[in-house]
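Add chain Y with the ligands to chain B, keeping to what the hints say.
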Amino acid sequence: MSASSGAYVLLEDGTRFDGESCAAETHAVGEVVFTTGMSGYQESVTDPSFAGQLITFTYPHIGNYGISAAAMESERIWARAAIMRDARDGEDAPSAERGWLAWLKDCGIPAITGVDTRALVRHIREAGSMRGGLFPASIDEQQARELIAAEPAMDGRNLVEVVTPKQLSELYGSDAPARSGEGMLISVLDTGVKASIVRNLLERGARVRLHPCTSSAEQLLDGDPDMIMLANGPGDPAALGYVVETVRQLLGVKPVWGICLGHQMLCRALGLETFKLPFGHRGANHPVKDLATGRVEITSQNHGFAVLAPGGAKTIEHDEPVRWETDFGAAVLSHVNLYDRTVEGLTLLDVPGGSVQYHPEAGPGPHDSVHLFDRFLHASAK
Amino acid sequence: MPRRNDIKRILILGSGPIVIGQAAEFDYSGVQACRVLRQEGYEVVLVNSNPATIMTDPELADATYIEPLLPGPVAQVIERERPDALLPTLGGQTALNLAKALRDDGTLDRFGVELIGADYNAITCAEDRELFREAMQKAGLKMPTNVIATSCEQALAALDQIGLPCIVRPAFTLGGRGGGIARTASEFRAIVARGLEASPIGQILIDQSVLGWGEFELEVMRDKADNVVIVCSIENVDPMGVHTGDSVTVAPQQTLTDSLYQQLRDQAITVIRAVGVETGGSNVQFAVNPETEEILVIEMNPRVSRSSALASKATGFPIAKIAARLAVGYLLEEIDNDITGLTPASFEPTIDYVVVKWPRFAFEKFPGSVSSLSTHMKSVGEAMAIGRTFQQAFAKAMRSRELDKPPNLAKAGNEALLESLEVPAPDRYEAILELFRRGVEIEAIRQRSSIDPWFLRELRQLALHPQAPERGVRTFKSVDTCAAEFPARTPYHYSSFELPSGGRGVEHEIVRGQRPSVVILGAGPNRIGQGIEFDYCCVHAAMTVRELEMDAVMINCNPETVSTDYDTSDRLYFEPLTAEDVLGVIEAERDGAELAGVIVQFGGQTPLKLAAALSQAGVPLLGTSVEAIDLAEDRSRFGALLERLGFQAPPYASAANAQEAIASAERVGYPLLVRPSYVLGGRAMEIVYSDEGLEDYLRREVAEQDARNTIYLDRFLEDAVEVDVDALCDGQDVWIGGIMQHVEEAGVHSGDSACVLPPHSLGQEMLEQIRATTRALALEIGVVGLLNVQYAVYHGELYVIEANPRASRTVPFVSKAVGVPLAKLACKVMLGTKIAELSLPREREGLGFGEHVSVKEAVLPFDRFEGADALLGPEMRSTGEVMGIARDFPTAFAKAQAAAGLPLPSSGTAFISVTDSDKAGAFAIAQILHDVGFAIVATRGTAETISRMGIPVTQLNKIGDGSPHVVDWIERGDVAIVVNTPTGSGARSDGWEIRNAAVTRGVPCLTTLAAGISAARAIARANSNACEPEVLCLQELHGVRPPAASEPGGDEHADGHSAHAQPLAAPPAHGLEPAPRE
Ligand SMILES: Nc1ncnc2c1ncn2[C@@H]1O[C@H](COP(=O)(O)OP(=O)(O)O)[C@@H](O)[C@H]1O
Ligand SMILES: Nc1ncnc2c1ncn2[C@@H]1O[C@H](COP(=O)(O)OP(=O)(O)O)[C@@H](O)[C@H]1O
Ligand SMILES: [Mg+2]
Ligand SMILES: [Mg+2]
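Chains as they are written, first to last, in the working numbering: chain B, 1 to 382; chain Y, 1 to 1078.
If we strip away everything but chain Y, and leave its shape as in the complex, we get:
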């Protein structure tokens, strides 16, 4: 059954912004699908709101829409593009839910769009816990005893039957959001309420607890002819009770006997058949009782998932690619295994190494939140490592996490550590290793942690003999899907240590020709502050190196990403990003052929931190030198440079310790921004207003800080407008890629604030000054490649906040907004091309004043961290971002809000409560919203200001004034939008309660005046155009495709292709004439 010829155009839905539970893995799978389907001759239409993805690169699809993943916009895309089919299985739960909604509301039928890859009934069966249970029962498989409830009363009634502890799980939510383990009756009530709220269909499942059983996952694929293969088995080292996304996992499974494993395999196959997934990949989760060998089915995901990305990287079997082919009619046996090139995809990979995945957490960013692990996923990223032994892989994965601060357990007593294992926390393995070092026995730890003794034995060895896994000589082996049974074609490598024997030394498997290689250092595990944007840049670097006919060599350890797809580079080394591991690769790369150099600019702070060590080891770095990096990063050197150039910066001081800090504070002047040096994403950065505030900060953050770590104090510029610039420099010329104006004022981390390109309210003169300053800085620092500068415009004057001599978080956004691949250009420049040779029009620094406005909005994970304040500040907290593109700013802003999951309301009640200095501005918001028909409610002070200006307003009680107070209003669902600016510190203030209620209720909550005004304008704008905003195709905006014809599959796409092939050749169709809007 070869390729289907009855479909021509396929719509693919992405997964939207990176959020906990849905991360870069869907970019990886989406990219694979786009590539494969176009290779097969299909036209691909793509919708995804996340600009930081490779999949939204205009070359990847025939038509790309960066639009909110909501039924309205997607229906418009369908109407405009008329695809024949919709493939919803590659964009995570978001795409699956969206496809279901489009089918339910009749859109798919209306436009004759066929769902491929997973049919409607299969999606419904796998996702609806009740239907799934029925299907399992019919197939003769067991699940934990459970009860389904759609109300609190039903849930309480069920408790008698299930008992405590029990597991509460909402239907149709991602990563277990809203669920949890109830150990007590009051916990039970709280979780039930939260779960009913979180489930889009208001349904929860109350499960009998199987805490402590083994947890296993099988990745299954099925084709139309009902051939099924298991791609990979994954064992969770953490037993049941810790979400698989938060568990340390290992592939293949280690502890099951063959006979038990084969039973799991049989059951997984039964599950995929029973649910009726006709083609594609699914993930099936099991609980196994190690004593009785009882097997229970936990759940199945009828789509590509985080685990399938892991399984793909772990085995070399590209699940998404194959799933896409299966969806268009191929059978497994008709698809080649790329890795061997000899054998078909209808087989089960066998591996001769061990893969360990470690989650990366971010609890330190959410003070107040509970840092225990449970059924609800909380990790923000993951690192994977491959080793020949479990210990090798585990040790590598552990160091791949790049923790900012390793947990300090030295002070905790044995009993305290043992007790801490009972409720798993992020540092549980550190605790276990520490206990073993102290001589505690395996059995004692097993009793508390329920971890299988096999793993504990390995961990004990590792604790007592940390060097043992590295006995022998370092060598590189290959991932080949077949344990060396066939020669591998695809160079996907990992390091191992082997014993030299027989006078031959150890065998190396690296095969490289004579082309010089360029090593690109990736960004490691995703974390807040360093996400998919950096992977995007690394992938672009690899593409460029290959275009220039050199070997692109990628080093990275993040299994979610496109960069760790073996197709992305000429050689992929799956290795931790530490100096030692990287130098090991470099040595192998230098063996017998030339190493042109190493790129450290694209992977964020991770590779930048290695620059000095690599350079000292004599490794050539491409682009900006170590000396220049230091000049930009060293506060005092950089300060001196600014002074010399006559640029203003906020007054600052650096201090070696707390006393010095207090002493310098007065000189710098309050308010102050304090932080430790060399951190990304504003870790531990705070604004303090007084000596007491500073002392408090120093007590919390500095006491345990490493003595060598300097503290920086900056004057905090209040109410300043923040501006971000991304520029390219070759040492002689500077080319400005984009100037972005932030919506929130300075003080909200640039990664968390919304921004607009082109700037909507900076005058020409200021823009000119920004350009000139950026140019001078780039040249003076000595940047060769990319530079990001952050400015604050304070009282009409320009201040330099910082300069980062590397690719920034905004590079993909800018590239998509202006239609120029900045990272690729930078890579060329680093390899010696001059800006003058890039045929970029000379006066294009003003790029961005085109026919569209782009807004980037951050997506925040507050709903995952119960107890944390949902407030923006100088410490970055967002996990991802979305982009809204429109013909005007308010519409773009509204699109971005909708894409971020908090669509602005068009009517209802607006609640406004602002701090005194914001009172004047609050009136402006109230005026606009009142004019479009909103009812205004406010707290006393704000209400007084508003009513003084003649706008009707209802005054609400503060919490202390008694019910019904503001939080009651929000919780009742009576408030459609909240504007609340913080009054300064004060934990658990009214503000905290208000913002928290808004987050829990999913009400848009704007915490700065600027954002509030933008939102009000966007609402007004939307209300004046009666219909939904028009969807825009990226290729059309950038002039590589003429506006879509109404006829599907028309000829106009033919020349679109040739333009895609050379994205740089066609200058973007941006208006060159700068004409400020507003």
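Extracted from the complex, chain B is given alone in its bound form:
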């Protein structure tokens, strides 16, 4: 690693944090967010949900074990920059196929090290996530401010069109039933689906079709899929009018399951509201209670928006399966976040389907909730 020239992070409120540039010598602007996961940096930057965002890693050493093909959550890096306290390249780790910083650099992604990331996080925690940028010292603050101002705010931002595939694709697992076409067929509305979600579906013997987010309901229903999966993805769910409309046409026709942005889209399709969290949930340690089993699971999280509870509150008071009356009948709260008591999932009672806000597929993060995939598939089996 050769940490060389100076660089800094500037937030839209003018707060500045100095450090050293350690990857591509360029600048990046977008929403500055933080993640508290201690490992899984490669999974994070390649997660399409981070599109448009600069990731601050709260764990100081990032890059320890380099990078490898197995840890890609998509085909490229979506995060705009990495902000770190003490970056490492990790190219000589036994599992490393390349060094982390060398890879960022090759991908043209700027990164900064030496930043007092804890001070930065405390600032965001108090002031909320905001726009900002990472700049080499050669860009002065005035210029930097202009670049930030030119960047649209995350509120109301449609970013799924950036990450969605251009064409439909179909994937099979190695299982015999999937290959012979006997397994379930799952249509994914791909607003930036993570490889781990797809992997979990494939591992369960399913055939998976990834549809661009612009696909119509008919296209999604083509081939008579057993279920529709609404994927994770970046940006504001409130800006996804036509996608939500597509979802409305699917509800009641096929079982519809959603994860993260998919959960938010499903809820909006039901007629529920979403709102922006002050600084989001990003990490691998959030406790989520499954109200059906009473179990608390440690979850992987990555979202900036959330769904309003019945009655319009932002939080859930008691651990009870409260209900919403929606455009598609009743929905019952299935999961609640024990950190800030926001909605983490719901199950539809009158039409088949449901969704969770967090990431049962992990990648990165704990596997406590992978069993949800079995639940989805089981509930959708014909």
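Mixed in with the good hints, there may be bad ones.
[Stated by the list, open to error] Derived pair list, reagent style SDA-like, types lysine to any residue, alpha-carbon separation capped at 25 Å:
1. B:105 x Y:499
2. Y:142 x B:94
3. Y:138 x B:203
4. B:276 x B:125
5. Y:8 x Y:131
The set of hints was computed from the structure by calculation and includes no laboratory data.
What follows is chain Y with the ligands alone, placed relative to chain B:
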């Protein structure tokens, strides 16, 4: 599932004396449990034999029993107190084994006591290597290939299957005791024999070696609803093959990919479920092959452990506290995370810093022992450091160790250093840093050490750029369990260096109000000579400062302790105890508010050594001034003071070098006690009888000593009675807390000898003289706070050996014996209260002549240091201590021996072999033991003396005389007790062999005449009372609780509580009338 209401009274077992592998961490966990359970409204009954613990403070439990942790005494406590439940998971392996024994012998059933926290089957499954393996297999997890053997024949048969090297591990032992790595067939046979012997069930496990793989530990917690969280991952920088207790470790893990780490996490959860630990914390250890990513389970501990204390301190997640709540029915989600106050305990801490733990070793104290590290733990303490980067944390942890003598590697060549890495030794990291400084490449070091390249890269940076981690500006950050995602409520801090930016400077996180603060300097890592006693005093100081409505600020770097619990003080700074680090904290504490002062008296020699530097930097010290400290510590100034006051001291001289030393020797007169200056615990202290002896000493110890270090020569007073006094002084008044008479004669370090309070054989006149001398010394030195004076009574006259102007090792023992919290009183005095205002009865210096006798006994680690002589001397070697309390001296002595792990026998054969000057005394021992039915065997000279007095005795062969000789007798298990006093020097003499055999066999071995006589009397006494000695409740002895009623949970406890709240208000119920016993 909230709190269980069907149980009211809970018995907690402590872990007993500090020994290698089981240290202060169990005081920390026990204290947390006691506090939490009482907050929850339960009554707590506590048994622990270790007086130096906070948990045995009478305020901590409703009934405290300082009794041996053995089934007999604990069954008596159960019968007396009738607890509803027993919580055995907080007192280490000792408590777990004891609980198992109480269940096996039917005691728990008989009194209807429920085991909570870990059930019987789970304990058995985790501890019995065979059952554990079966459980793992069933759960689909892999372990190293292995074979279980219960005999040498089985073991040899297994060797074909496993191959060499292999790992031998005894079942049910602590810290890997008795195990080891066998690289050759002969090593294999030796270790197998030792291991079978060490295992209480005579079972060993022979493991396929995975030396060099990565070693990882996960701290897991589970609640009744089967919710499981991982509190912390810990990576051992030292690969498999070095016991985790001896490894440098780092949290969180650094080198695993997320996917591999998640596999470990999944497996850890599978393990806790498979073993069936229903509630509480467990530690699961793994070996990971970095190349193939293969994962093997190594072991699991179904209880709070050293690693869980480390994990608690590393993350801010108080495992023991939460484990105690889980044990009484709560679920994780029903428990608050104290640190945030907002979120529940059902989460996984995430941290935004790096934690490094360094072990502290003591090989220099055990000459002759092999100082290589292996699967059997040998370190005596540890230091932890927190930094924002690995390098910051590593450098801090390294300096936190406070080594007396840094290893000198300059002379060793590269190849020698590289080779030394193949069998890890305590100085391996110094060697690695040295090699990097010399330009050796990472790969070369990796090949020899198998340390992961990530760590080597960091170490290389540190070696080449030692200042780099301190680039920027010092600031203080907080430990908050959540990487700043939520605001933290608990002020637990560490220093870091950050870059100032944007014209703002760096962010500080210290939030303090306007109350003046008192900074208490802790004792650093535990080591021989400076242990938990000092932490006890620091914790008391913090309590007192808070009582007086000032902010108690703690600085310490020992993760095992109560002092580094964030609950103990108003602000905790986890920092090394060096002048620079301490001044950094002080600067932050002075920012915008008043610093009332710094307390350096309670943390042993560590803070005392900083006194001058702090004072020079203009920092106010509370209590005894630097000038007074120097007066007491400077030999010549102190000598002059004694002379002026007309007190006797052994003749002495100080010498700047070896020649001077030889020259002064004659003037002082042999025998001589020689030592370097400013050392604690008698480091490098020896008795020499002649010029040759002195020259030999100087060659060994002084040559490499720092030139500035003076050598002291004292006339050694032979056969003197040693006396220890702890006193309080406010500059005007002196109050004597306790006078302790040692059982062993002077010459056995005060930390290693047993002592009795009140003195059992000093006359009134002598006691009066001791009091008067102590008073005069305290006032003349100018002590404000605590003073410890050591005396020798030689030929009926009093000699002053030394005066320590600080809390001593015996403060907790005295406090518990007399029922007065000495350290708290001292802290008040240091903050300006006068002794007169403390409402201590005036003539109470004689405290101790009460209705009970207290004996302190030391616990020695000889069994860990193969090859070292198991002999007591002026250099301290004990790691811990126990206390025996009884109505008479012999019984108290017997209790103390039992608590120390060497219960005195009631019948059998006594072997006696003493040096010529002790022959007369040997007869007395033989007489007593013969009278109670012992057979007496002795070596020739001793046998002659004994038989001349008409006592039947069998003469044994010396080793040179051929088999069966004395060692054969001991090894065959035919000897129940050994009295062997050394004949002077002579390494590997018969004496050495005898003592070594006794230690290995676990036979009580008394190496002084005084101890031998005490033991004989104790045996006689026990034999005359047919039953076991009565157990005594501390609160009853000190009159804060009326004698226990037979009915459980009776009303009589109600007023016990109010008395606990003000321990000082209720004067202890000691007899004021001095009436010497004997
Ligand atoms: N199969 C093995 N190969 C190499 N080293 C081992 C093996 N098993 C254990 N060890 C080492 O021995 C140490 C002690 O073993 P462990 O089972 O944890 O016993 P303890 O109960 O003393 O903690 C471990 O920390 C590890 O470093
Ligand atoms: N002059 C002496 N004669 C006999 N024993 C002595 C003498 N000086 C010290 N000792 C013994 O050595 C031990 C350690 O000496 P001390 O001065 O107390 O050192 P430390 O500072 O390590 O406590 C004492 O506890 C005592 O048993
Ligand atoms: Mg272990
Ligand atoms: Mg001493």
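So, going through the hints one by one against the coordinates:
1. Proximity of residue 105 (chain B) to residue 499 (chain Y) is assessed by CA-CA distance (about 24 Å); at most 25 Å being required, the pair is judged to hold.
2. Among the hinted pairs, residue 142 (chain Y) with residue 94 (chain B) is consistent with the structure: their alpha-carbon atoms are about 22 Å apart, no more than 25 Å.
3. Among the hinted pairs, residue 138 (chain Y) with residue 203 (chain B) is consistent with the structure: their alpha-carbon atoms are about 24 Å apart, no more than 25 Å.
4. Annotation: proposed proximity of residue 276 (chain B) to residue 125 (chain B) holds, straight-line Cα distance about 14 Å (limit 25 Å).
5. A hinted pair counts as satisfied when its Cα atoms are at most 25 Å apart, and residue 8 (chain Y) with residue 131 (chain Y) does not qualify at roughly 34 Å.
Violated hint for the displayed structure: number 5, the only one.
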